[in-house]
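If you read the protein sequences in the order shown, they are chains A and B. Residue numbering for the first sequence follows our numbering, beginning at 491 and increasing consecutively. Residue numbering for the second sequence follows our numbering, beginning at 334 and increasing consecutively.
Heads up, a few of these hints could be off.
Unchecked claim - Here are the computed lysine-lysine pairs in the BS3-like style, where the Cα-Cα straight-line distance is at most 30 angstroms: (1) B:K368 - B:K686; (2) A:K505 - B:K716; (3) A:K505 - B:K663; (4) A:K540 - B:K578; (5) B:K686 - A:K540; (6) B:K686 - B:K698.
Claimed, not checked - Residues of chain A placed beyond 10 angstroms of chain B at every Cβ, according to the derived structure: (7) M491; (8) K492; (9) T515; (10) G517; (11) E518; (12) T524; (13) A526; (14) Y527; (15) D529; (16) R531; (17) Q558; (18) K565; (19) S571; (20) I573; (21) P574; (22) S575.
Claimed, not checked - Distance ranges between label pairs, derived from CB positions: (23) A:E510 - B:P590: 38 to 44 angstroms; (24) A:E510 - B:E667: 30 to 36 angstroms; (25) A:A526 - B:K596: 26 to 32 angstroms.
I should point out that these hints are in silico values taken from the structure, not numbers from a laboratory. Every residue gets a Cβ at the ideal spot worked out from N, C-alpha and C, and that includes glycine.
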Amino acid sequence: MKILVPTPLRQYAGKQATVEVPGATVGEALNALTSAYPDLRRHLYSDEGKLRAFVNVYLNDDDVRYLQNEQTPVKESDTLSIIPSIAGGR
Amino acid sequence: MTVATDTAATLSNDEILRYSRHLIMPEVGMEGQLKLKKARVLCIGAGGLGSPLSLYLAAAGVGTLGIVDFDVVDFTNLQRQIVHGTSDVGRKKLDSAADTLQEINPNVKVEKIEARLTSANALELFRDYDIVADGTDNFPTRYLVNDACVLTGKPNVYGSIFRFEGQASVFATKEGPCYRCLYPEPPPPGLVPSCAEGGVLGILPGLVGVMQATETIKLILGTGEPLIGRLLLVDAMGMRFRELKLRKNPDCPVCGPNPTVTKLIDYEQFCGIRGQEEAAPVAMTDMTVEEYKQRKDRGDDIFLLDVREPHEYAICSLGGYLIPLNDLPKRVNELDSSREIVVHCKMGGRSAKAAEFLRKAGFSKVHNLAGGINAWAERIDPKVPKY
Numbered sequence: 491m492k493i494l495v496p497t498p499l500r501q502y503a504g505k506q507a508t509v510e511v512p513g514a515t516v517g518e519a520l521n522a523l524t525s526a527y528p529d530l531r532r533h534l535y536s537d538e539g540k541l542r543a544f545v546n547v548y549l550n551d552d553d554v555r556y557l558q559n560e561q562t563p564v565k566e567s568d569t570l571s572i573i574p575s576i577a578g579g580r
Numbered sequence: 334m335t336v337a338t339d340t341a342a343t344l345s346n347d348e349i350l351r352y353s354r355h356l357i358m359p360e361v362g363m364e365g366q367l368k369l370k371k372a373r374v375l376c377i378g379a380g381g382l383g384s385p386l387s388l389y390l391a392a393a394g395v396g397t398l399g400i401v402d403f404d405v406v407d408f409t410n411l412q413r414q415i416v417h418g419t420s421d422v423g424r425k426k427l428d429s430a431a432d433t434l435q436e437i438n439p440n441v442k443v444e445k446i447e448a449r450l451t452s453a454n455a456l457e458l459f460r461d462y463d464i465v466a467d468g469t470d471n472f473p474t475r476y477l478v479n480d481a482c483v484l485t486g487k488p489n490v491y492g493s494i495f496r497f498e499g500q501a502s503v504f505a506t507k508e509g510p511c512y513r514c515l516y517p518e519p520p521p522p523g524l525v526p527s528c529a530e531g532g533v534l535g536i537l538p539g540l541v542g543v544m545q546a547t548e549t550i551k552l553i554l555g556t557g558e559p560l561i562g563r564l565l566l567v568d569a570m571g572m573r574f575r576e577l578k579l580r581k582n583p584d585c586p587v588c589g590p591n592p593t594v595t596k597l598i599d600y601e602q603f604c605g606i607r608g609q610e611e612a613a614p615v616a617m618t619d620m621t622v623e624e625y626k627q628r629k630d631r632g633d634d635i636f637l638l639d640v641r642e643p644h645e646y647a648i649c650s651l652g653g654y655l656i657p658l659n660d661l662p663k664r665v666n667e668l669d670s671s672r673e674i675v676v677h678c679k680m681g682g683r684s685a686k687a688a689e690f691l692r693k694a695g696f697s698k699v700h701n702l703a704g705g706i707n708a709w710a711e712r713i714d715p716k717v718p719k720y
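Extracted from the complex, chain A is given alone in its bound form (with noise of 0.2 angstroms):
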């Protein structure tokens, strides 16, 4: 499937702003992905290992807080956005 990588964590992500990756579940996809780019891990996770609260995850058009996290199962035609905060305005 296909991860949305936002600008602000492209840097980490090896300058890429999509990565196709394997995976049943979106948690399975997400640690795909940090394990193809180990430096984006700690922007995700926290180091307990949970998703960090300040990053929204979006299966489609969906946040997966409402549908079953990162256990929602995952089809090869999705799209995974990882939503980042932003704060610029001036």
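Please build the complex by placing chain B on the supplied structure of chain A, with the hints as guidance.
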């Protein structure tokens, strides 16, 4: 304001001519234009987002525009903050913006609020307006604006930008989600660079600020489908627009049924003090630019390490050896730990991290150049450009 003949209830012939393209559309018409005239909108910030936002709201005939800002126009603003011009550099943004807006539409009443928005003044300020448009540039103020909107029941027309990506939504309406439903917690300080550090494509606040203006006008008119419960994502590089569904979080600490945030809090503390990127404070192991110059002139053997990015090096350099901060861990073997090393970046923030990393890696003679190349340009060599 009590005026005997309520001029807000009618349009003058001049106004009818000015708003003719609105008036001939049934979606606005006389009724809608009068709603715009009676509306009171508060813009937080007269910067990148605030510029297009306030320009279009003024042109559209929004009767009262409050603007909160405490900043002064500088040259780096002009690449995107189109409410200000070159001759405004050095002026208060409020004065500069007010002049531009009055020139566009003298019918608009501009209320200049020269203040930093804080937990102490936000609620009182917001109560005076119908809609709040958030064009700030840091996380503490984002959370403050959101919470104050929820607590006063004012819609929060949100826009946010980074480099070439933007977000827009309408938060804190009665039925819709708020900013905290989407982002319960802020990212740790320093993780997300500000526009000053990360840069921003000049047109991006234009795109996003105009979306905020559009949403504000739709809310005033009570027409169309506002961005409530939807987050619009803009990628200016791919020129792609995407939309995500937002939900009202039943456990939201501020807009949920059992709120734990019932008054404004200390948002600097909530966001880990430093929400806005500023020059790092001077530490014991820092070296001032004056000291560095003196040491260099004396012929001391100092290795200058530049931890900026290659595209920044192309703007200006002090002839340092370039290893971008992110590459330092894997390229540390290129450095000689027996030599004295001075690390610099643009303003001293990244180089402080690099110096800390090097010390932990066993480098004992490492200094951070306080204030970075900008301090050098300002205090030592004016031929080096500031950016």
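A quick look at each hint next to the structure:
1. B:K368 - B:K686: It is violated: about 53 angstroms lies between the C-alpha atoms, which goes past 30 angstroms.
2. A:K505 - B:K716: 33 angstroms, violated
3. A:K505 - B:K663: 17 angstroms, holds
4. A:K540 - B:K578: This hinted pair holds, its Cα atoms lying about 23 angstroms apart.
5. B:K686 - A:K540: 26 angstroms, holds
6. B:K686 - B:K698: Roughly 15 angstroms separates the two Cα atoms, so the pair holds.
7. M491: 16 angstroms, holds
8. K492: With a cut-off of 10 angstroms, K492 (chain A) remains clear of chain B, as the shortest Cβ separation is near 13 angstroms.
9. T515: 20 angstroms, holds
10. G517: Given that every Cβ of chain B is farther than 10 angstroms from that of G517 (chain A), nearest at about 20 angstroms, it holds.
11. E518: At about 22 angstroms from chain B, E518 (chain A) clears the 10 angstroms cut-off, so the statement holds.
12. T524: 16 angstroms, holds
13. A526: Per Cβ check, A526 (chain A) is outside 10 angstroms of chain B; nearest 16 angstroms; holds.
14. Y527: 12 angstroms, holds
15. D529: 8 angstroms, violated
16. R531: 14 angstroms, holds
17. Q558: 15 angstroms, holds
18. K565: K565 (chain A) is indeed farther than 10 angstroms from all Cβ atoms of chain B, at 18 angstroms.
19. S571: S571 (chain A) is in fact no farther than 10 angstroms from some Cβ atom of chain B, at 7 angstroms.
20. I573: 7 angstroms, violated
21. P574: 7 angstroms, violated
22. S575: S575 (chain A) is in fact no farther than 10 angstroms from some Cβ atom of chain B, at 5 angstroms.
23. A:E510 - B:P590: 38 to 44 angstroms: Given about 41 angstroms between the Cβ atoms, the range holds.
24. A:E510 - B:E667: 30 to 36 angstroms: Check passed, 33 angstroms falls within 30 to 36 angstroms.
25. A:A526 - B:K596: 26 to 32 angstroms: Given about 45 angstroms between the Cβ atoms, the range is violated.
This entry does not satisfy hints 1, 2, 15, 19, 20, 21, 22 and 25, going by the numbered hints stated previously.
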